[in-house]
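Colleague: Using the sequences and the accompanying hints, generate a full structural model.
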Amino acid sequence: MRILVVGASGLIGQHVVERLRALGHEATTAARTARGGVDHALDATLASGAEFRSLLAGHDGVVFAAGADDREVPRRPAYSVFHRGNVAPVVRLLAAAREEGLTRAVVLGSYYTHFHREHPDWRLAERHPYIRSRVEQARLGRTAAGPDLPVAVLELPFVFGRARDRLPNWAEPLDRWVRSGSPLVAPPGGSAATTARRVAEVAVDALERASGEDIPVADENLTWSRMIGRVAEAAGRPRPVRGLPGAVVRAALWSTWAVHAVRGRQSGLDPRHLGGLLLRELFVPVARSGSVDAAIEETFPRG
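Residue numbers for the sequence shown follow our numbering, so the first one is 27 and each next one is one higher.
Bear in mind the hints are in silico, worked out from the structure with no lab data behind them. Hints are not guaranteed to be accurate.
FRET-style restraints, in silico, Cβ to Cβ [stated by the list, open to error]:
no.: 1; residue 1: THR71; residue 2: GLY127; range: 20 to 28 Å
no.: 2; residue 1: GLU198; residue 2: ALA277; range: 42 to 50 Å
no.: 3; residue 1: GLY207; residue 2: VAL288; range: 30 to 38 Å
no.: 4; residue 1: ALA76; residue 2: THR129; range: 14 to 22 Å
no.: 5; residue 1: ARG102; residue 2: TRP196; range: 20 to 28 Å
Idealized CB from N, CA, C, for every residue including glycine.
Modeller: This is the structure in structure tokens:
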């Protein structure tokens with residue numbers, strides 16, 4: 027296969043490229059910033075359908091590994107920012123892929139779409155602009171691709187790992203905290219977790235099978251307490267993790283929402299409703315049991 031990887035300089039994008047080449051496939055790389063290993067400098071949020079078509083010509087498939095992060099807190103209304111980063115470029119990319127006759131595609135999405143599908147009563151897309159963008163990314167992207175271009179959407183939870191200088195976007199503040207010597211606290215609930223290498227394996231497998239499935243990706247389901255404890259241990263600062271009452275978390279989130287409101291800003295994950303997510307066990311079925319310990323150690327090396 028010959029595959030175009032958009033967002034190829036990111037943590038997961040680099041692993042996808044490495045996995046493709048290790049299995050004998052060709053990978054063309056595109057990323058926002060020109061750097062070593064990037065074939066084409068391209069801002070996906072600005073690229074036109076014609077620009078995408080010129081890159082896609084002669085390829086069999088495409089991977090979209092870019093997009094807007096859920097931590098962004100833009101000015102109101104926030105949805106326009108997440109639509110511009112997650113929905114619009116995928117629609118243009120997959121429409122161009124259909125026109126060029128590509129036969130397979132993978133979009134790296136969020137496990138929030140899994141919970142949107144499984145728990146419509148949580149009203150996630152209605153309450154959170156970021157989640158709405160991920161839901162519409164999958165729906166409108168597949169519409170643009172048409173019936174002859176299967177699009178697999180990988181629903182990703184917390185992803186641990188490293189690719190050269192790239193780490194998960196959320197890793198730096200957690201790293202500072204666990205190394206600071208401050209007490210460690212964790213609320214009820216937890217999350218699924220996986221590794222960048224595992225995501226790359228699943229992405230390339232989906233390309234090889236020309237899958238059009240929604241694929242939740244997880245190696246382990248971890249409580250917040252267990253996850254934070256394992257991060258601290260990997261960083262060489264092991265200590266007990268104390269429980270944090272859910273009421274404290276909800277109060278802090280409401281305070282965050284009030285500050286955003288005064289400043290005219292809106293979070294991709296609305297703090298007024300975020301407690302309803304963070305305090306749940308956001309666990310997903312684990313297709314292949316594994317451990318994220320090695321990837322945690324890569325992300326938070328002892329030092």
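Colleague: Does each hint fit the structure? Answer for all of them.
Modeller: So, going through the hints one by one against the coordinates:
1. THR71 with GLY127: 20 to 28 Å: 25 Å, holds
2. GLU198 with ALA277: 42 to 50 Å: 25 Å, violated
3. GLY207 with VAL288: 30 to 38 Å: Given a distance of about 33 Å, which is inside 30 to 38 Å, the answer is holds.
4. ALA76 with THR129: 14 to 22 Å: At 21 Å between Cβs, range holds.
5. ARG102 with TRP196: 20 to 28 Å: This hint holds: roughly 23 Å between Cβ atoms.
Hint 2 from the list above is the single one not met by this structure.
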